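Colleague: Listed here are the chains, written in short residue letters.
Protein chains: 2
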Amino acid sequence: MATDQPQKLFKAQTLKGFRDYMPELMAPRQAMIRLIEATFERHGFQPLQTPALEYLETLAGKYGEEGDKLLYRFQDHGERHVALRYDLTVPLARVVAEHRNEIQLPFRRYQVAPVWRADKPQRGRFREFFQCDADIVGVNSAIADAETLITGLSVLQTLGIDGAVLHLNHRDVLFGLIAAAGVTEKAQQIACIRAIDKLDKIPAAAVQTEIETAGIDAETAERVVGQFLHGAMTIESVADRLSAASVDTAGLDRLREVLALVRAAGLSERIRFDPTIARGLDYYTGIIYETRLTDPRVKGIGAVMSGGRYDGLIGLFTKEAIPAVGISLGLDRLLAAMQELELVSKDSHAVQVYVTVFSEAQAVTAIQLAGLLRQAGLRAELDLAGGKLGKQLERASKRGARLAVMVGPDEATAGTAVLKDLRDGAQQTVSQADLASTAGALLAV
Amino acid sequence: MATDQPQKLFKAQTLKGFRDYMPELMAPRQAMIRLIEATFERHGFQPLQTPALEYLETLAGKYGEEGDKLLYRFQDHGERHVALRYDLTVPLARVVAEHRNEIQLPFRRYQVAPVWRADKPQRGRFREFFQCDADIVGVNSAIADAETLITGLSVLQTLGIDGAVLHLNHRDVLFGLIAAAGVTEKAQQIACIRAIDKLDKIPAAAVQTEIETAGIDAETAERVVGQFLHGAMTIESVADRLSAASVDTAGLDRLREVLALVRAAGLSERIRFDPTIARGLDYYTGIIYETRLTDPRVKGIGAVMSGGRYDGLIGLFTKEAIPAVGISLGLDRLLAAMQELELVSKDSHAVQVYVTVFSEAQAVTAIQLAGLLRQAGLRAELDLAGGKLGKQLERASKRGARLAVMVGPDEATAGTAVLKDLRDGAQQTVSQADLASTAGALLAV
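Just so you know, the protein sequences line up as chains P and X, in that order. Quick note: the first sequence, position 368, residue 937 per my numbering, numbers continuous. Quick note: the second sequence, position 377, residue 946 per my numbering, numbers continuous.
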């Protein structure tokens, strides 16, 4: 047997770019996930789960050249080419096409799940990370756009994050502004969008240089970039510019409608038109957005929620034209922000009552009392390391327990237990039958 | 852009051996996971999460030859040999060794996560499935053994599953009985255990034949098998047999203690000594068990919870000897059983209130009312497909909503809304300010 004579020690090592979530981090993370899921459900979204592995063909070519390179791909035991999922959107498109007959449109689904990208590991960036997505499939309307944005903003509100602002744009407005600046060739327009997407990370001059490498002259490139440098650019000024260049304004009209609906939902301060939002992924066709935190303590964390409309993606898998729009929340960025803002509750999973074991003879009683506490819905831990009572109470405190239960031979005979409040040291003797209700009352204070 | 001119349709196909969980299945499944996690937490277990991918070296050789073959393995972008996790136990052992300084023993952790095995797909058996594990690391004692079993049985109780029986055994009792029958060579003993593990699946004669292929004579093989054929074998009769053959009975003594503690917790009918339990995996060193459902409707489902003590596994990664014991619940088997037993609640995620949109002019009001309902904690869906009110109400029923909200121009002017109970068709007009509380009251009935 492997365990009898270990030849050598195996190295205990997390894979490069990956990490363990120890309980201190995992407990608040899980509390967050539950809040996010409950908020999605309140907004009418239903859970869906797709496999971690997909046929490579399903994923390849959907995320641009760069994305393709980051796919974890291999051949399985049947020599099928497979890949780990890269996001939750392409698998959703595959699901809608594959299960079209079971699905009633509009279809609202959410999914909270890990995705894998063989990215360069950096501080705070891992090769496995969790996305929380909510999408509405089957409708292309301002109200559907607004519903997803309202849902996402509601999640941030539920998590206690104030000062998040959703920066909204539309792909056609981006293309329109670039066309208005004189770039009309599609491939060049896309190169411009890729460069503009970096405006918040690199200097404008560098963005301009990048645009020039796509074969656009310096003057035009400067004009393109110049349009996006004024933070105060309003819908009206953009409308004027597009009209002056005879560019279609349907995208801008949609933006107006969506903004009006989201504002009507009482979220005026949470949303803003921002023509510089470009988004990297190729598949967006309508609104696109990123959500940023305004609190100076967490400004560096980046977009915590982003997404947009992708009316062409499902059409890659089925002839039927099926529009869709969605949001994606970055769980780990949100957790990092919440930790920084001290919004993370440490109590949601902590042990409430620690049941000591006076001696082996009292083990049965201790187990029974732990059972009563648990049946009453309390989180109770039974001491397993034994030793003197003082040691056991020390462990109780280390585990963060509020209360400790002690039963010695006298209490066992009398059918009682000593209940100790570990915050102030106060203790009382209660009948074992009343233990759970007394503990519950103390914890409720 | 990829979405502009699809050259050909991609095949929308779930990878062979994998499956999607559509909302009808995922919603009750998720409700189950929440109950399981809450029960683990009530028993003092804390959540841990490990990556899907591990170094191949971490996993290889831990699951026996057969398990090794089923590992999904490949080389990552840095040419590291990696594998998808095969269970949650070996990654836990790796975590304990790697994070030894952060962990206070005894360490109770739970994890609910998918594992991957390139097994032959069969009805009800998939290559990706979820395990729900709870383990206690750092103590080797009867009370620690009992705590894990009590936790697992409590999960089944919380899920409403009656008639589950935990069949408990101990590796040393198995080895002892095989030695008592005359097989003393370790490799042969292990071959016997592998064969006995199949006693509930293949005929006794076939088990005997398998034992003989390990170089054991027919008479001895018959004696080995014969010992395990009597369902009524008691602890006492096994004790007699082991004593008669001068075999150590420490394992049996531990079994007695564990049984006594679990019985003291009020679970006498849920646990039984069963010397035929063998478990396939190589790493068990103490108690081993499987939990079976007795209800005839779900007998074919197999073990829904199993596990045991594995005191040598962590020692493969660190010099410190760290004992451990755990349970593993098979989520999909449990779900299958609960569906069969009609224990699955369909209501936990269903939409409660469907908000119709009378016309585009009323969209703002509809969004605002949906917002009020959601803020009150209700699951509300806004109609997005439009059309006549009758059509919208049909969709509301299809979505399983209990109530529908309607606001026409008259109600909008009056600041009211019509609330319709879709079960009996009764409707009432309420002020918009009272909508959420009235809806909540109707749903509470």
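It is worth saying that the hints were derived from the structure and are not from the lab. It should be emphasised that the depicted structure is a prediction, and the values quoted were computed from it without experimental measurement. Incorrect hints may have been included.
Any copy will do: because identical chains look the same in the list, a pair fits if it lies in one copy or spans two.
With a cut-off of at most 20 Å between alpha-carbon atoms, the simulated PhoX-like pairs for lysine-lysine come out as follows [said to hold, decoys possible]:
1) 580 - 888
2) 957 - 967
3) 767 - 689
4) 967 - 770
5) 868 - 770
6) 888 - 577
7) 888 - 967
8) 585 - 689
9) 755 - 967
10) 767 - 915
11) 868 - 585
12) 638 - 689
13) 967 - 915
14) 960 - 915
15) 580 - 957
16) 967 - 577
17) 755 - 585
18) 585 - 638
Colleague: None of the hints should be skipped; say for each whether it holds.
Modeller: Structure-based check of all given hints:
no.	hint	result
1	580 - 888	between (51 Å within a copy, 11 Å between copies)
2	957 - 967	within (16 Å within a copy, 62 Å between copies)
3	767 - 689	within (18 Å within a copy, 47 Å between copies)
4	967 - 770	neither (44 Å within a copy, 48 Å between copies)
5	868 - 770	within (13 Å within a copy, 61 Å between copies)
6	888 - 577	between (57 Å within a copy, 10 Å between copies)
7	888 - 967	neither (60 Å within a copy, 26 Å between copies)
8	585 - 689	within (10 Å within a copy, 31 Å between copies)
9	755 - 967	neither (62 Å within a copy, 44 Å between copies)
10	767 - 915	neither (37 Å within a copy, 46 Å between copies)
11	868 - 585	neither (27 Å within a copy, 44 Å between copies)
12	638 - 689	within (12 Å within a copy, 30 Å between copies)
13	967 - 915	within (14 Å within a copy, 41 Å between copies)
14	960 - 915	neither (24 Å within a copy, 47 Å between copies)
15	580 - 957	neither (36 Å within a copy, 66 Å between copies)
16	967 - 577	neither (34 Å within a copy, 61 Å between copies)
17	755 - 585	neither (39 Å within a copy, 39 Å between copies)
18	585 - 638	within (18 Å within a copy, 24 Å between copies)
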